[in-house]
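*Asks:* Could you put together the complete structure from these sequences and hints?
Respectively, the protein sequence lines represent chains A and B. For the first sequence, this note's numbering assigns the number -9 to the initial residue and increments by one for each residue that follows. For the second sequence, this note's numbering assigns the number -9 to the initial residue and increments by one for each residue that follows.
Since the hints were derived computationally from the structure, they do not count as laboratory data. Heads up, a few of these hints could be off.
It does not matter which identical chain is used: a pair holds within one copy or between any two.
[What the hints assert, rightly or not] Below 35 Å or equal to it, Euclidean Cα-Cα: the simulated DSBU-like pairs (lysine-lysine) are:
| hint | residue 1 | residue 2 |
| --- | --- | --- |
| 1 | 88 | 236 |
| 2 | 11 | 197 |
| 3 | 208 | 74 |
| 4 | 85 | 169 |
| 5 | 41 | 236 |
| 6 | 169 | 74 |
| 7 | 85 | 11 |
| 8 | 11 | 114 |
| 9 | 151 | 74 |
| 10 | 164 | 195 |
| 11 | 236 | 96 |
| 12 | 88 | 291 |
| 13 | 11 | 133 |
| 14 | 96 | 208 |
| 15 | 74 | 133 |
| 16 | 216 | 291 |
| 17 | 252 | 48 |
| 18 | 133 | 96 |
| 19 | 195 | 208 |
| 20 | 43 | 236 |
Since the structure is predicted, the reported quantities are computational estimates derived from the model, not experimental observations.
So the chains spell out like this:
Number of protein chains: 2
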Amino acid sequence: MSSNLHLTILGCYAAAPSSFKNPTSQVLDIRNHLFLIDCGEGTQVALRRNKIKFSRIKHIFISHLHGDHFFGLMGVITTFSLLKRTAPLTIYGPKGLKEIILLQLKITQGFTSYPLRFVEITSKEPTVIYEDNEVTVTTIPLKHRIYTNGFYFQEKPGERKLDINACLNYEIDKAYYSKIKQGGDITLDDGTLIPNDKLTFDPSKPKSYAYCSDTAYKEAVATQIKGATVLYHEATFLESHAHLCKSTGHSTAAQAAQIATKAEVGSLVLGHYSIRYGDLNLFIEEARPHFENVLLGDDGKEFTF
Amino acid sequence: MSSNLHLTILGCYAAAPSSFKNPTSQVLDIRNHLFLIDCGEGTQVALRRNKIKFSRIKHIFISHLHGDHFFGLMGVITTFSLLKRTAPLTIYGPKGLKEIILLQLKITQGFTSYPLRFVEITSKEPTVIYEDNEVTVTTIPLKHRIYTNGFYFQEKPGERKLDINACLNYEIDKAYYSKIKQGGDITLDDGTLIPNDKLTFDPSKPKSYAYCSDTAYKEAVATQIKGATVLYHEATFLESHAHLCKSTGHSTAAQAAQIATKAEVGSLVLGHYSIRYGDLNLFIEEARPHFENVLLGDDGKEFTF
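*Replies:* Below, the structure written as structure tokens:
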């Protein structure tokens, strides 16, 4: 099974929203799962403007408890109820988020029309927090002012691809196709063994998406996500403000690109820009000497990998 | 002292925000106070788009704890800190709001750069919650699904207006002008008493603004705000959905207009429309048979009274 990753950036600016710049939120479509990643104020409106179907979102991942990454969450949770959703919603985020949400539901005499589940993240090591037959999601411990995790979304290897002509030549019954795609050999009626590699092609290489925001430069990230298809890495500052990275727990565009190079990823998407800058192209200019295939994230932009 | 009320509607739609319709928030400029009333998600962005100076807002009034009236509050509080505000901010709202805000500040390891004060409202009777030399603010108990108050903003009577020609004729020293404006009589050097009404004109009639959202039809509101300059009254539904008013605790446009008539207000501004309706002019059409001077609130609209 081959598939594409599809990324929609709902917002990718740091700190307070301004008139036309949204705080962080994005949607990753991977193997037909629609994962919402971070949820700054205004996310529900950005979802509507980007025509993303609310009902397809079943999992929300919150990196850390700074307002620009989760102040839109209560609005999303409440609106899903107003829409009479019944499908469960699971929220993955740092300990404390559940308490914030449940207190508001209690005091506002609100309730959800659907099962609301929480997975509280507390580990400082990479931890698998979601897994099914198609995809795993692992935390990426980051280096920020407060406890923060990125998320590594990885496709599992797909089934082998059937060589339909070979199967027809050997007159193999269709009933065996499923077994063959899972790697099985076949014994013909005359006793001949046909090994699987004569009947199939290799599956597509599984794709992966690493989301890293917010973080200072941290080399362990590169080790963990080695060979990822795409890295989204925060680039809050240009070199002119590099001295602010340490105290704020953020990165420059050049540092994001250095992580991309060390991790040997396919593509780098930049985001989480400080709103002090007018010309986003400067981020590309400062990143490209370190990593060639760099893309500029921006509100409303979509990428397919 | 004569002054105008200036009202800016930041948002006036019910329930969940949609792509281009904001939940409730508005700014009242009265005697040079800038009061923020309700604070739905996206309020800080709406404030910026309407070019309202954050630093002029010192008091925020929250009617009730439904998300479309307060989910933008944490964003406003946090952004004021990012801007390094030092002036105190006071928030008036139902009991429970303080707990919600303080829990989020605690868990997010956030703090405010300025003193943050809360006035928790619990009374079911009209209660003065703010008063200074110029203005009083009194709660208007409303009838909604949860505990809800409107707010009645009233100018205090101004000083009497000096009849400067009369004062010059009597050769009264300027040192006495302040006393005269406060209503004092004057005794001339020859012992003649000049009563105040020979030296002054009546001050302008104090203006007032009654904010009533969200509420079902409630006649006691009309009694309390009798003669108000302006009434903002919710009109969630048209007659075609009047049957929903009781269960939801909302009003129709006609009911809003009936309250305006009974209260003998100067003007009625409608708002809090259900987003199911396309043509807002229908709200005016259904209100006008009951009250002539009705105005259509809408996001970004400004009114001067």
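*Asks:* Against this structure, judge whether each hint is valid.
*Replies:* Hints versus structure:
1. 88 - 236: Both ways: residue 88 and residue 236 sit 29 Å apart in one copy and 33 Å across, limit 35 Å.
2. 11 - 197: Result: close within a single copy only, 30 Å intra versus 38 Å inter.
3. 208 - 74: Between. Shortest inter-copy distance 29 Å satisfies the 35 Å Cα cut-off; intra-copy 43 Å does not.
4. 85 - 169: For residue 85 and residue 169, the Cα distance exceeds 35 Å both inside one copy (43 Å) and across copies (63 Å).
5. 41 - 236: The answer is between: 33 Å across copies meets 35 Å, while 38 Å in one copy does not.
6. 169 - 74: For residue 169 and residue 74, the Cα distance exceeds 35 Å both inside one copy (41 Å) and across copies (65 Å).
7. 85 - 11: both (28 Å within a copy, 33 Å between copies)
8. 11 - 114: within (32 Å within a copy, 41 Å between copies)
9. 151 - 74: Neither. Shortest intra-copy (41 Å) and inter-copy (59 Å) distances fail the 35 Å Cα cut-off.
10. 164 - 195: For residue 164 and residue 195, only the intra-copy Cα distance (26 Å) is at most 35 Å; the inter-copy one is 90 Å.
11. 236 - 96: Between copies only: 23 Å across, 39 Å inside.
12. 88 - 291: within (30 Å within a copy, 38 Å between copies)
13. 11 - 133: This pair counts as within: shortest intra-copy Cα distance 25 Å, inter-copy 38 Å.
14. 96 - 208: Between. Shortest inter-copy distance 27 Å satisfies the 35 Å Cα cut-off; intra-copy 39 Å does not.
15. 74 - 133: between (39 Å within a copy, 25 Å between copies)
16. 216 - 291: Within. Shortest intra-copy distance 25 Å satisfies the 35 Å Cα cut-off; inter-copy 53 Å does not.
17. 252 - 48: For residue 252 and residue 48, the Cα distance is within 35 Å only inside one copy (33 Å; across copies 50 Å).
18. 133 - 96: Cα proximity of residue 133 and residue 96: in one copy and across copies (33 Å, 20 Å).
19. 195 - 208: Classified as within; 27 Å inside a copy, 66 Å across copies.
20. 43 - 236: Between copies, since 31 Å is at most 35 Å while 39 Å is not.
The structure fails hints 4, 6, 9 (numbered hints given earlier, in ascending order).
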